[in-house]
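Enquirer: Sequence:
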Amino acid sequence: MFDRVQSYDLPNLEEKLDSLRSHLLSSEDYTEEQIKTLKRNFSHFKSQIKQRWLKAHKKEDVFLKINHSWLEGTFEIPAISQNRPGRPSKLFNESSERTKRRKTEEVRSL
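Numbering-wise, UniProt numbering puts 41 at position 41 of the sequence shown, and it's gapless, one number per residue.
There may be inaccurate statements among the hints.
[What the hints assert, rightly or not] The calculated lysine-lysine pairs, modelled on BS3-like cross-linking and capped at a C-alpha distance of 27 Å, are:
#1 K16 <-> K55
#2 K59 <-> K36
#3 K16 <-> K36
#4 K46 <-> K65
#5 K16 <-> K39
#6 K55 <-> K65
#7 K90 <-> K103
#8 K58 <-> K16
#9 K16 <-> K65
#10 K55 <-> K39
#11 K50 <-> K65
#12 K46 <-> K16
#13 K36 <-> K46
#14 K36 <-> K65
#15 K100 <-> K90
#16 K36 <-> K103
#17 K39 <-> K50
#18 K59 <-> K16
Think of the hints as simulated: they come from the structure by calculation, not from any bench.
Turn these sequences into a full structure, and let the hints guide you.
Expert: This is the structure in structure tokens:
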């Protein structure tokens, strides 16, 4: 992850981490729960890396030397489920009138 962060051509660590977060969240295939987990894990990672970066006085060689074992650790990125069981969903405009009524029932009842 640190190599990925350093590969961004941005002026400071904060902007690099924000770009990485945007990249990780760019997939539209995550469920709400997966997005929540990813945001929580990334927030923890971001806080850890910023603390360690400041402790190394913002010097990459010192950072790598001090945090070698931490950098070898893992960062959990939720797997995107490609094949959901069951019949594939139709787009709303391709659905029957009955299905459209069922899907909009809650909104219409307000």
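Enquirer: Flag every earlier hint the structure violates by its number, smallest first.
Expert: 2 and 14
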